[in-house]
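Chain by chain, the residues:
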Amino acid sequence: MAISESDVRHVALLARLALTDEQVRHLTVELSSILDHVSEIQSLDLAGVEPTAHPFPMRNVTRPDVVRPGLSRERALLNAPEAEDGAFVIPRIVGAEEEA
Amino acid sequence: MAKDRLNEVLERYEAVIGLEIHTELTSLNSKMFCGCPVEFGGEPNTRVCPVCLGMPGALPVPNQAAVEATVLAGLALECEIARFSQFHRKNYFYPDMPKNYQISQYDLPFCAHGHLDVEVGEGDAAYVTRIGITRIHLEEDTGKMIHVGGSEGRIAGADHSLVDFNRAGTPLIELVTEPDIRTPEEARRFAQTLRTIFLALGISDCSMEEGSMRVDANVSIRPRGAVELGTKAEVKNMNSFKALHDALAYEIVRQADLVDAGGRVVQETRHWDAAAKRTSALRSKEEAHDYRYFPEPDMVPFEFTEEWIAAIRERLPELPAARRDRYVQTFGLPKHDARLIAEDVPLAQFFEQAVDAAGAKLAKPVANWVLGELSAHLNATGAAVGSCGITPEMLAELVVLVDEGTISGKQAKEVFAEMAESGDMPAAIVERRGMRQVSDTGAIEAVVVKVLAEHPAEVESYRSGKSGLIGWFVGQVMREMRGQANPAVVNEVLKQHLDQ
Chain X
1 MAISESDVRH VALLARLALT DEQVRHLTVE LSSILDHVSE IQSLDLAGVE PTAHPFPMRN
61 VTRPDVVRPG LSRERALLNA PEAEDGAFVI PRIVGAEEEA
Chain V
1 MAKDRLNEVL ERYEAVIGLE IHTELTSLNS KMFCGCPVEF GGEPNTRVCP VCLGMPGALP
61 VPNQAAVEAT VLAGLALECE IARFSQFHRK NYFYPDMPKN YQISQYDLPF CAHGHLDVEV
121 GEGDAAYVTR IGITRIHLEE DTGKMIHVGG SEGRIAGADH SLVDFNRAGT PLIELVTEPD
181 IRTPEEARRF AQTLRTIFLA LGISDCSMEE GSMRVDANVS IRPRGAVELG TKAEVKNMNS
241 FKALHDALAY EIVRQADLVD AGGRVVQETR HWDAAAKRTS ALRSKEEAHD YRYFPEPDMV
301 PFEFTEEWIA AIRERLPELP AARRDRYVQT FGLPKHDARL IAEDVPLAQF FEQAVDAAGA
361 KLAKPVANWV LGELSAHLNA TGAAVGSCGI TPEMLAELVV LVDEGTISGK QAKEVFAEMA
421 ESGDMPAAIV ERRGMRQVSD TGAIEAVVVK VLAEHPAEVE SYRSGKSGLI GWFVGQVMRE
481 MRGQANPAVV NEVLKQHLDQ
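These protein sequences, in sequence, are chains X and V.
Residue numbering for the first sequence follows our numbering, beginning at 1 and increasing consecutively.
Residue numbering for the second sequence follows our numbering, beginning at 1 and increasing consecutively.
Simulated from the structure, these hints should not be mistaken for lab results.
Backbone N, C-alpha and C fix where the C-beta goes; we use that ideal spot for every residue, glycine too.
Misleading hints may appear alongside valid ones.
What the hints assert, rightly or not - One side of the interface only, derived from the structure: several residues of chain X facing chain V at Cβ under 8 Å:
1. Arg9
2. Ala12
3. Leu14
4. Phe56
5. Pro64
6. Val66
7. Leu78
8. Phe88
Claimed, not checked - Output of the computed footprint for chain X on chain V, the stretches with three or more beta carbons under 8 Å from beta carbons of chain X:
9. 38-48
10. 181-193
11. 363-377
12. 438-446
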């Protein structure tokens, strides 16, 4: 196995996925087979090959520093489950403090 | 926090401090990856679009001016500029970040390996310390949360929170220093010096109060002479340079007390409470700092050529330290005065225009007026240099009038007040108010003769050794002449008559 059940539980927690024990066992097998498959690349001699950040041979794509119209506040909040004073409402945050 | 206590601790322990400084590129028009405007405040969620709200399918495109501003900052701080660079996704869940990842940079920042020479202390105790700059990278700012219910708008005890994404996506540069800083004062001076440089580059308004410049610090202590680093704590929420200094002073003493008592410093994030003047631990998050960075697939990488970097370098303005040195060398200003002017870009421009108009030999009095009456006027009115009603030409004319002896320094202050009020040129004010200082020796001599004749007793005292009376005689003559006599000439004529 390329990864363990505890690896799967860790990644699931980071992704905020609630998995049953059965799903963890299942995913450990599936993810391991994917990693085993990809690891075949490591048997190749890749000395001198730069990491490929992007498959397109394009560089330096930017936009000029120009303001463009965005969404009205009404439209921005349209899909919000709850809104108050023009802001998105989120539930009480538990177990965490301010993040920079 | 007693300063003595910190000094006592720093005799036994060495503090090792590194700073992490986030600066919003507030001078840009639009956000980092979309065309929403960059502004401060405003009604919540009125500067948002599908990109900065993280809506599915929306594609970010980097702001060219933000990339250039970051490289400009890197060049000003002697950094190496990457020839190949890219954005990464930093993955974590937090409600002020709509995508659940922040577009940032990871192993290929735009700028790395720079340094800044910081001058610390005044007079004989002054020294220069070189602080290494590990990296400067570009990223996007998060939204803001307002915590409802509970006390003081803090998360703890809040019923729920409101999220405003106006700030989300604001271009943000993160600068990380090497752990080269040794005292709270060095940390403060580093941040202040950096701010003057960013202001000179014109990339940010660098307001610690409004949060466009935010300084976090990593601090640890080790016994003097030790090589191994101690466990560090990260200190956040310092909203002024004083807070940065005081929080570090508190934290160094706290760690020393802990170690002295046989305890151990815990690696944690601590929050500075400016009112209580102490740091306190934040509850630590489970699984913290597992950000699973990976290259941002929505954007292609950057490749910077030598020519492109050279073109950005061409845009570097004269930086505050170089400008200060030029003022000292060219105009003979005292170093302290030169620094005060050079670090304030609009004030420096005003000064230089006034010196151009008045002539370089009058640079010193111009500097005195700029730092004296002009600065006081700006403080009193809250006006900016460019819109305070006083132009460099007005100040230059005033300084020339004094230098030529047309008006006295005292009269010049009256003229200054009036020109600030009316916007009239000083020569016109002097003419209108008949303020012309009398330097004509004949006219002054007539008054001197009269004053001496009226006060034979004082003349006798002066001649028998009470030479301090000269000031009293000058006062009498000035009063007779309604303050319009040239004091230097009065002094001279009086001495001629008294000492004969």
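Hint numbers not upheld by this structure, sorted from lowest to highest: 1, 2, 7, 10, 11, 12
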